[in-house]
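Same order as they appear, the protein sequences are chains H and G.
Quick note: the first sequence uses this note's numbering, first residue 290, plus one each step.
Quick note: the second sequence uses this note's numbering, first residue 174, plus one each step.
No lab work stands behind these hints, which were simulated from the structure alone.
Some hints could be false.
[What the hints assert, rightly or not] Stretch by stretch, here's where chain G covers chain H in the computed footprint (C-beta under 8 Å, at least three residues):
#	stretch
1	394-400
2	413-423
3	430-436
4	497-510
[To be verified] Computed from the model, here is a short list of chain G residues facing chain H with C-beta under 7 Å:
#	residue
5	R273
6	L285
7	A323
8	A328
9	L364
10	G368
11	I447
[Stated by the list, open to error] Negatives, chain H to chain G, calculated, CB over 10 Å:
#	residue
12	L322
13	R361
14	A362
15	R383
16	I387
17	P407
18	L549
Yeah, the Cβ is synthetic: ideal placement off N, Cα and C, and Gly gets one too.
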Amino acid sequence: MTLSSTAATASVSAGVVCDVAAACALEADAAQLLALRQGIEPACGEPLPASSLKHLDEQTLVALAAVYGAIRAQDLRVDFQRWAVVAAPRFLGRAALIVSLQRYAVEGAWGMSPHFIPHRTLHSVSGTVSMALGIHGPNFGIDGGPAGSSQAVLAAATLLSTGTLPGVWLLLSGWEREPLVPLAALVGKHEAFPKCRAVALALVPRGCAANGLQARVLPGTLYRAGSNGTTSRTPLFGLDELAAAVAAPPAPGAHVAWRLCCGGKMELANAADGATP
Amino acid sequence: MTPTGKVLITGVGAATPLGNGYQEIADALLAGRSAVTPVTSFDAAQHPSRIAGQVHTIPCPAGEEPEAFARRERLEQLVLWCTASALEDAGWWQRRGDVRVGMVLGIGAEWLKIWEADALRGGRRIHEPERDAFSMIQADQAKLGLSGPAVSVSAACASGNHALALGKRWLELGWVDVCLAGACDSGVTPLCLAGFGNLRALSRRNDDPQAASRPFDRGRDGFVIGEGGAVFLLEPEASARRRSARVYAEVAGCGATSDAYHMVIPSPHPEPAITAMRQALADAGIAPESVDYVNAHATGTPVGDSAEARVLRTVLGTAVTHVPVSSTKSMTGHLLTAAAAAEALACLVALERQALPPTINLDDPDPECALCHVANEARAHRVRTAVSNSFGFGGSNTCLVLRAA
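Can you make the complete structure from the sequences, with help from the hints?
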């Protein structure tokens with residue numbers, strides 16, 4: 290699929306409506322993570338060198354694989370050079386920090402890996418994806434905790450609202466359950482090794498993609514019953530909720546809505562029959 | 174331009190190694206003194222770099238019990254002090270519940286900092302994920318009673334400029350009435366010092382701390398780690414004028430790009446950084462020769478400073494011979510996630526005082542960094558437009574233009 294360069298002019302004061310040009314939700318177990326680390330087949334661009342893959346956080350690996358998966362799923366033939374990347378990893382680096390704390394206690398400063406800061410901090414996912422796809426637009430990470438998913442949606446919508454970017458990769462990632470021991474200690478223990486999850490959405494200005502999937506982000510104040518049309522029964526947005534919606538998108542004309550815990554709401558709609566969220 | 178018109182800075186809250194609050198920091202910046210000292214908050218004897226720009230006392234904001242404040246994590250103290258005092262300085266503190274106060278903060282690796290601090294005290298919080306329900310920005314919002322949208326961003330040293338750009342945009346879109354934007358970091362921790370030290374990014378001039386941070390100098394050997402924060406209250410011009418608020422400056426332009434080259438090493442290709450600067454100047458509607466002052470990112474690393482000098486020479490063109498450039502990291506150290514925000518504050522000082530903060534320790538300027546340096550001493554200068562560069566790990570390049578308003 291190619292993308293139209295003629296985007297509709299949308300009023301953004303009430304929110305940002307954009308097309309979802311491609312989406313992919315992935316999860317990886319220990320064996321799949323190992324395979325990704327040994328070499329992710331790029332959907333475009335040059336493969337990252339093995340020396341980089343070796344040190345990437347598991348969330349970065351799965352997020353990058355999700356980006357490639359989204360590109361392949363829609364056969365996106367796009368120059369990503371001017372795109373942006375907004376990534377919200379959840380508790381990135383917890384297991385690696387457990388190792389670092391143990392080594393620091395025994396070995397002192399010498400025990401701290403020089404690869405920790407580049408690859409286990411919040412911008413690591415977005416920075417790596419920008420390198421892999423040759424993206425020269427802005428890249429940054431978001432929050433790092435459970436609220437990060439909502440915040441990332443708002444940040445991505447803000448970037449798209451400027452009208453200067455052809456697209457934004459929105460990446461959410463996290464563990465099925467938090468790994469609380471060094472991951473190396475779990476290798477071979479299939480039941481104990483949690484799955485690592487990621488969702489990638491390629492957001493483009495409204496009118497640029499033709500697959501019918503649209504996202505609408507409505508900013509707002511923090512949740513109060515009834516504000517922004519939300520109720521206490523409106524589910525909270527998060528990685529798992531978005532992954533489920535990507536795996537089973539709304540039927541034509543239907544949509545799903547979530548509350549953003551940082552204020553406002555997000556809707557994902559299938560406008561294939563002309564319906565608009 | 175949107176119906177909002179200009180976006181102005183009407184409040185500042187800050188804590189840096191040079192002092193706390195705008196006036197104290199402004200005086201120290203123009204005095205040209207170093208705040209770099211040996212690390213005192215933990216035993217750094219085994220570290221390759223044992224010096225830092227440290228915030229020795231973070232003030233307790235109004236309305237907070239000092240004992241409760243003292244129990245908070247250091248980064249949380251910085252965030253709370255900077256946001257509360259920015260609201261206070263802007264005159265919005267008493268009325269903060271009446272308007273939609275947004276918040277966009279660069280906060281550096283908050284979970285890693287919380288887990289590390291707890292573990293070094295003997296705690297096990299890193300093994301107790303059920304305790305990690307709320308992030309720092311959510312806690313700060315709740316503490317201050319704010320209801321607007323809030324986002325925390327992380328682009329390493331460039332975070333503060335991204336925060337200001339997002340906050341400005343929210344005001345232009347009418348999503349908030351006023352917005353807190355800035356960044357905080359508490360990077361002077363054992364693991365952080367060790368991590369950057371083992372990357373060989375830090376100065377090892379441990380015997381002469383005040384001379385260790387020396388951007389653009391031929392004798393530079395790495396940056397000096399620092400900590401602190403600066404948060405600004407952004408407000409639409411109409412609102413600020415209506416209430417006769419003190420105006421520090423207009424947030425006139427922002428630019429942001431990525432190198433897509435390496436997670437740590439600056440790209441040998443200067444085009445992305447050049448583009449970020451040109452985006453910001455275009456956003457502000459000014460020509461390079463109209464720039465009155467550049468606060469450079471220049472951290473004091475051999476590769477980074479000369480790379481930025483090449484960028485500045487390209488962007489400024491013939492004006493490079495007379496546009497003054499300085500790096501205030503020479504005095505504060507490198508505040509990491511908070512660096513861009515702290516250096517935006519230095520630009521406000523230049524605009525308000527009509528004087529340029531210097532690059533201290535610039536005794537032997539590197540010919541590869543040939544620029545119009547403000548070397549070692551502050552000097553009087555007419556400043557209407559100030560530019561601040563901030564580049565970060567992950568390949569981020571950002572540029573901010575602040576203008577007298």
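Outcome of the hint check:
Here's how the stretch 394-400 of chain H fares: 4 of its residues keep a CB closer than 8 Å to some CB of chain G, so the rule of at least three is met and the hint holds. For the stretch 413-423 of chain H, the stated coverage by chain G is satisfied: 8 residues place a CB nearer than 8 Å to a CB of that chain, which reaches the threshold of 3. Using a Cβ-Cβ cut-off of 8 Å, 7 residues of the stretch 430-436 of chain H lie near chain G, which meets the minimum of three, so the contact claim holds. Counting residues of the stretch 497-510 of chain H whose CB falls under 8 Å from any CB of chain G gives 3; the rule of at least 3 is met.
Residue-level restraint check for R273(G) holds (minimum Cβ-Cβ distance to chain H is 6 Å; threshold 7 Å). Taken as an interface hint, L285(G) checks out: its beta carbon lies about 6 Å from the nearest beta carbon of chain H, inside 7 Å. Below 7 Å, beta-carbon pairs count as interface contacts, and A323(G) has one with chain H at about 5 Å; its hint therefore holds. Using the Cβ-Cβ criterion of 7 Å, the hint placing A328(G) at the interface with chain H is satisfied: the shortest such distance is roughly 4 Å.
Taking 7 Å as the C-beta cut-off, the interface hint given for L364(G) holds, the closest approach to chain H being about 6 Å. A cut of 7 Å between beta carbons decides the hint on G368(G): the least distance to chain H is about 4 Å, and the hint holds. Checking I447(G) against chain H: minimum C-beta separation of about 11 Å lies over 7 Å; hint violated. Remark: the non-interface label on L322(H) is consistent with the geometry, its nearest Cβ contact in chain G lying 20 Å away (cut-off 10 Å).
Every CB of chain G is more than 10 Å from the CB of R361(H) (nearest about 21 Å), matching its label as outside the interface. The claim that A362(H) lies off the interface holds: its Cβ sits roughly 23 Å from the closest Cβ of chain G, which is beyond the 10 Å cut-off. A beta-carbon of chain G is positioned within 10 Å of the beta-carbon of R383(H); the least distance is around 6 Å. Not every CB of chain G lies more than 10 Å from the CB of I387(H), the least distance being 6 Å, so the non-interface label is violated.
Chain G draws P407(H) into its interface by the beta-carbon criterion, the shortest separation being 4 Å against a cut-off of 10 Å. Not every beta carbon of chain G lies more than 10 Å from that of L549(H), the smallest distance being close to 8 Å; the non-interface claim is violated.
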